[in-house]
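**Student:** Sequence:
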Amino acid sequence: MTYHLFISHSWNYSNTYNDLIRLLDSKAYFSYKNYSVPKDDPIHNAPYDYQLKAAIRNQMQHASCVLILAGVYSTYSKWINIEIQLAQEMGKKIIAIEPWASERTSLVVKRAANDIVKWNTDSIVRAIRGY
Numbered sequence: 001m002t003y004h005l006f007i008s009h010s011w012n013y014s015n016t017y018n019d020l021i022r023l024l025d026s027k028a029y030f031s032y033k034n035y036s037v038p039k040d041d042p043i044h045n046a047p048y049d050y051q052l053k054a055a056i057r058n059q060m061q062h063a064s065c066v067l068i069l070a071g072v073y074s075t076y077s078k079w080i081n082i083e084i085q086l087a088q089e090m091g092k093k094i095i096a097i098e099p100w101a102s103e104r105t106s107l108v109v110k111r112a113a114n115d116i117v118k119w120n121t122d123s124i125v126r127a128i129r130g131y
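Per the UniProt record's numbering, the very first residue in the sequence shown carries number 1; after that it's consecutive.
FYI, nobody ran anything at the bench for these hints, they're computed from the structure. Among the hints, erroneous ones may be present.
[To be verified] For lysine to any residue, the following SDA-like pairs were computed, each having C-alpha atoms within a straight-line distance of at most 25 Å:
{"id": "1", "residue 1": "Lys27", "residue 2": "Gly130"}
{"id": "2", "residue 1": "Lys33", "residue 2": "Ser14"}
{"id": "3", "residue 1": "Lys33", "residue 2": "Asp115"}
{"id": "4", "residue 1": "Lys118", "residue 2": "Tyr29"}
{"id": "5", "residue 1": "Lys110", "residue 2": "Tyr29"}
{"id": "6", "residue 1": "Lys118", "residue 2": "Gly91"}
{"id": "7", "residue 1": "Lys93", "residue 2": "Trp119"}
{"id": "8", "residue 1": "Lys78", "residue 2": "Val117"}
{"id": "9", "residue 1": "Lys92", "residue 2": "Arg111"}
{"id": "10", "residue 1": "Lys53", "residue 2": "Thr16"}
{"id": "11", "residue 1": "Lys92", "residue 2": "Thr121"}
{"id": "12", "residue 1": "Lys27", "residue 2": "Leu107"}
{"id": "13", "residue 1": "Lys27", "residue 2": "Leu52"}
{"id": "14", "residue 1": "Lys33", "residue 2": "Arg104"}
{"id": "15", "residue 1": "Lys93", "residue 2": "Ser123"}
{"id": "16", "residue 1": "Lys92", "residue 2": "Ile116"}
{"id": "17", "residue 1": "Lys27", "residue 2": "Asp49"}
{"id": "18", "residue 1": "Lys53", "residue 2": "Tyr3"}
{"id": "19", "residue 1": "Lys93", "residue 2": "Pro47"}
{"id": "20", "residue 1": "Lys27", "residue 2": "Lys78"}
{"id": "21", "residue 1": "Lys33", "residue 2": "Lys93"}
{"id": "22", "residue 1": "Lys27", "residue 2": "Val125"}
{"id": "23", "residue 1": "Lys53", "residue 2": "Glu89"}
{"id": "24", "residue 1": "Lys33", "residue 2": "Asn120"}
{"id": "25", "residue 1": "Lys78", "residue 2": "Gly91"}
{"id": "26", "residue 1": "Lys27", "residue 2": "Glu98"}
{"id": "27", "residue 1": "Lys27", "residue 2": "Tyr50"}
{"id": "28", "residue 1": "Lys92", "residue 2": "Arg22"}
{"id": "29", "residue 1": "Lys93", "residue 2": "Thr105"}
{"id": "30", "residue 1": "Lys27", "residue 2": "Ala46"}
{"id": "31", "residue 1": "Lys33", "residue 2": "Val117"}
{"id": "32", "residue 1": "Lys92", "residue 2": "Gln59"}
{"id": "33", "residue 1": "Lys110", "residue 2": "Arg57"}
{"id": "34", "residue 1": "Lys33", "residue 2": "Ile116"}
{"id": "35", "residue 1": "Lys53", "residue 2": "Lys27"}
All chains should be modelled from the sequences, with the hints used to inform the complete structure.
**Tutor:** Listed below in structure tokens is the structure:
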């Protein structure tokens with residue numbers, strides 16, 4: 001089975017996003033399609049917010065669940081908050097991933113989440129398979 005994922009992340013913290021992709025890619029017998037909007041996507045330079053929001057909605061509609069990196073920066077990210085809103089409007093399950101060795105995490109993300117997991121490949125994949 002192939003899981004359809006939307007991975008919410010801050011383009012300013014793309015290293016964490018890339019690390020998560022490496023974790024998912026390393027899991028044996030786990031196949032997924034990534035519907036995220038990465039930093040190098042042309043829509044990143046959209047001149048109007050409504051265009052970026054529409055692009056996010058379009059990508060997210062294909063996902064079976066939304067993964068959100070729950071670093072403390074997420075609390076203050078306008079776009080991650082919009083992604084939470086869109087996921088909830090579409091009835092998508094939200095999985096909050098607490099960054100490795102983090103002492104502080106985003107309560108905004110964790111309150112919106114259907115599941116909260118640690119930065120661990122098995123727990124992340126187990127949560128995804130649950131949806």
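**Student:** State for each hint whether it applies.
**Tutor:** Here is how each hint holds up against the structure:
At roughly 16 Å between alpha-carbon atoms, Lys27 and Gly130 fall within 25 Å of each other, so this suggested pair holds. With a CA separation close to 18 Å, the supplied pair Lys33 and Ser14 stays within the 25 Å bound. Our distance criterion of 25 Å between C-alpha atoms is met by Lys33 and Asp115, whose separation comes to about 20 Å. A hinted pair counts as satisfied when its Cα atoms are at most 25 Å apart, and Lys118 with Tyr29 qualifies at roughly 20 Å.
With a C-alpha separation of about 28 Å, the suggested pairing of Lys110 with Tyr29 is violated against the 25 Å cut-off. Between Lys118 and Gly91 the alpha-carbon distance is near 23 Å, which keeps this suggested pair within the 25 Å criterion. Among the hinted pairs, Lys93 with Trp119 is consistent with the structure: their alpha-carbon atoms are about 18 Å apart, no more than 25 Å. As the CA atoms of Lys78 and Val117 are separated by approximately 23 Å, the hinted pair is consistent with the 25 Å bound.
Taking the CA atoms of Lys92 and Arg111, the gap is near 15 Å; set against the 25 Å cutoff, the hint holds. Distance restraint check for Lys53 and Thr16: the Cα-Cα separation of roughly 22 Å lies within the 25 Å cut-off, and the hinted pair is therefore satisfied. Among the hinted pairs, Lys92 with Thr121 is consistent with the structure: their alpha-carbon atoms are about 21 Å apart, no more than 25 Å. Under the criterion of a C-alpha separation no larger than 25 Å, the hint pairing Lys27 with Leu107 is inconsistent with the structure, at around 28 Å.
In summary, the hint linking Lys27 to Leu52 is not supported, as the alpha carbons are separated by about 31 Å, beyond the 25 Å threshold. For the hint linking Lys33 to Arg104, the alpha-carbon distance of about 30 Å lies beyond 25 Å, and the restraint is violated. About 16 Å separates the Cα atoms of Lys93 and Ser123, which keeps this hinted pair within 25 Å; it holds. For the given pair, Lys92 sits about 15 Å from Ile116 by alpha-carbon distance, which is consistent with the 25 Å threshold.
For a cut-off of 25 Å, the pair hint linking Lys27 to Asp49 is broken: about 35 Å separates their Cα positions. Restraint check for Lys53 and Tyr3: the C-alpha separation of about 23 Å stays at or below 25 Å, so the hint holds. For the hint pairing Lys93 with Pro47, the CA-to-CA distance comes to about 30 Å; that exceeds 25 Å, so the pair is violated. For the proposed pair Lys27 and Lys78, the alpha carbon gap of about 31 Å is over 25 Å, so the pair is violated.
Between Lys33 and Lys93 the CA atoms are separated by roughly 16 Å; this keeps the pair inside 25 Å, and the hint holds. Of the supplied pair hints, the one linking Lys27 and Val125 holds, its CA atoms being roughly 8 Å apart against a limit of 25 Å. Taking the CA atoms of Lys53 and Glu89, the gap is about 13 Å. The hint holds against a cut of 25 Å. With a CA separation close to 19 Å, the supplied pair Lys33 and Asn120 stays within the 25 Å bound.
The hinted pair formed by Lys78 and Gly91 meets the criterion: a straight-line CA distance of about 20 Å does not exceed 25 Å. Distance hint between Lys27 and Glu98 is fulfilled; the C-alpha atoms sit about 18 Å from each other, no more than 25 Å. Simply put, Lys27 and Tyr50 have alpha-carbon atoms about 36 Å apart, too far for the 25 Å limit, and the pair is violated. With a C-alpha separation of about 23 Å, the suggested pair Lys92 and Arg22 falls inside the 25 Å cut-off, and the hint holds.
Taken as a hint, the Lys93 and Thr105 pair is honoured in the structure, with Cα atoms around 19 Å apart against an allowance of 25 Å. About 34 Å separates the Cα atoms of Lys27 and Ala46, which puts this hinted pair outside 25 Å; it is violated. For the hint linking Lys33 to Val117, the alpha-carbon distance of about 20 Å falls within 25 Å, and the restraint holds. Under the criterion of a C-alpha separation no larger than 25 Å, the hint pairing Lys92 with Gln59 is consistent with the structure, at around 12 Å.
Annotation: proposed proximity of Lys110 to Arg57 holds, straight-line Cα distance about 21 Å (limit 25 Å). Annotation: proposed proximity of Lys33 to Ile116 holds, straight-line Cα distance about 21 Å (limit 25 Å). Between Lys53 and Lys27, the direct Cα distance comes to roughly 31 Å. Violation of the 25 Å bound is thereby established for this hinted pair.
When held up to the earlier numbered hints, the structure conflicts with 5, 12, 13, 14, 17, 19, 20, 27, 30, 35 and fits the remainder.
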